[in-house]
Amino acid sequence: MSMINYASREINCKIVYYGPGLGGKTTNLEHIYGKVSPDSRGKLISLATETERTLFFDFLPVDLGTIRGFKTRFHLYTVPGQVYYNASRKLILKGVDGVVFVGDSQVERMEANQESMQNLYDNMAEYGYDLTKIPFVVQYNKRDLPNAPTLSELQSALNPGWEIVDTSRQRSVPNPYQQGEKLVEQLPTGEWIERAPYFEGVAINGDGVFDTLRAVSKLVLKTLS
Amino acid sequence: MAVSATIWSFTEDDFAEISRSLERFLSDSNARCALIVDRAGQLVATVGEQPRFDAVAFATLTAADFSANDQLARLIGETEFRSLVHRGEQESIFLADIGRRVILVVLFDIRTTEGMVRLKAKGIIEELERTFAALFERGRDARAKTPGILAGADDEIDRLFQ
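Sequences listed follow chains E and R, in order.
Per the numbering used here, residue 1 is the first one in the first sequence, and the count goes up by one each step.
Per the numbering used here, residue 1001 is the first one in the second sequence, and the count goes up by one each step.
Errors might be hidden in some of the hints.
To be verified - Which chain E residues face chain R? A few, computed with CB under 8 Å, are given here:
hint, residue
1, T150
2, R171
3, P174
4, N175
5, L221
What the hints assert, rightly or not - For each label pair, taking beta carbons as the anchor points, the in silico distance ranges come out as:
hint, chain 1, residue 1, chain 2, residue 2, range
6, R, A1134, E, Q118, 32 to 42 Å
7, R, G1088, E, A87, 39 to 49 Å
8, R, R1082, E, E52, 49 to 59 Å
9, E, V165, R, L1119, 52 to 62 Å
Said to hold, decoys possible - Chain E regions said to be covered by chain R (calculated; three or more residues, Cβ under 8 Å):
hint, stretch
10, 48-54
11, 154-166
12, 191-199
Don't read these hints as lab results, they were simulated from the structure.
Glycine included, each C-beta is placed from N, C-alpha and C at the ideal position.
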């Protein structure tokens, strides 16, 4: 729920990092916390178990700059990935403006990835939000591991695209982040589909972390334009 | 084109009206500080003694606390808990729902009592419910009629992320 405060001239937006357990959601936030100047970010709050697994959420507020005299403040949240924490996950999605799905590239985590993606769609739908209509970005984390499948396999499993039925939107849209690819395209079967932008990541080294954050933040701000 | 789930805004006049209501409440109840936090965890306003802690983090945690308690209420067959109190030896926190839209958070200490805070909060909650209902209603009308706040700022947004 973007909040525009004309008194303090701030735009506040909420971004949620979603995905299976141990996929790297908290690592994304830790990297951002470590790299952003302390003047532009707040404290990193982690509600975690004693073994440092996310119990409720992690939270990091960051300022990304000023547009039209308004400070843009992004509140970044992670959710607990473990299946049995669904009640907590659902609460964190309340009022969300943009979603990042952090997938685990390891082949043995494919089922967990798909289960988490389905859970994301379901939880969003319970709030009346449509994931195909709000800013949504996918990050394939742990791309450095030897047991990672190819990108096309991950895309087929997790980001196959959703159908576009509105004829005014049935035109090719190039993917600004991946050369030669399209975000909106017509399949050989004649069906038009749209996919979420995606990024490869090795969050523990910071690879792909800021590309992902920039992409989702930009999409969120464009919803206000 | 993605669209935001929801957007709401408030003006300097709204802020002044909310602040006036809260200041009157603080004076009547002798509480230290009052904050308004939206249900998504964003800090809307702070009135009274300025908190010595990280107010942004505090707002997020209070919204999460309130949401978690909402779910607890449902589990036991209640629709909601309209208010919560966390009692400390010196400092305490009172939280109350304002029209399912925002949360009133009151920090108070031994200069007053929980009963006094609750008593004086009753009137202010009704007043703030009216204020926020009007504010959200106006926002909905405005969104239907006017372009977004960053309309025409696409180039500026692109530059911000270069």
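Comparing the hints with the structure gives:
1. T150: It is violated, given that the least Cβ distance between T150 (chain E) and chain R is near 27 Å, above 8 Å.
2. R171: violated, 12 Å
3. P174: At 15 Å from the nearest chain R Cβ, P174 (chain E) fails the 8 Å test, so the hint is violated.
4. N175: Since the shortest Cβ distance to chain R is 15 Å, the answer is violated.
5. L221: This interface hint holds because 5 Å falls under the 8 Å limit.
6. R:A1134 with E:Q118: 32 to 42 Å: Check passed, 40 Å falls within 32 to 42 Å.
7. R:G1088 with E:A87: 39 to 49 Å: Violated - the Cβ-Cβ distance for G1088 (chain R) and A87 (chain E), about 27 Å, lies outside 39 to 49 Å.
8. R:R1082 with E:E52: 49 to 59 Å: With Cβ atoms ~35 Å apart, the hint is violated.
9. E:V165 with R:L1119: 52 to 62 Å: With a Cβ separation near 56 Å, V165 (chain E) and L1119 (chain R) satisfy 52 to 62 Å, so the hint holds.
10. 48-54: This one is violated; 0 residues, fewer than the three required, reach chain R with a Cβ under 8 Å.
11. 154-166: violated (count 0)
12. 191-199: Violated: only 0 residues of the stretch 191-199 of chain E have a Cβ under 8 Å from chain R.
The structure is inconsistent with the numbered hints 1, 2, 3, 4, 7, 8, 10, 11, 12, although it conforms to all the rest.
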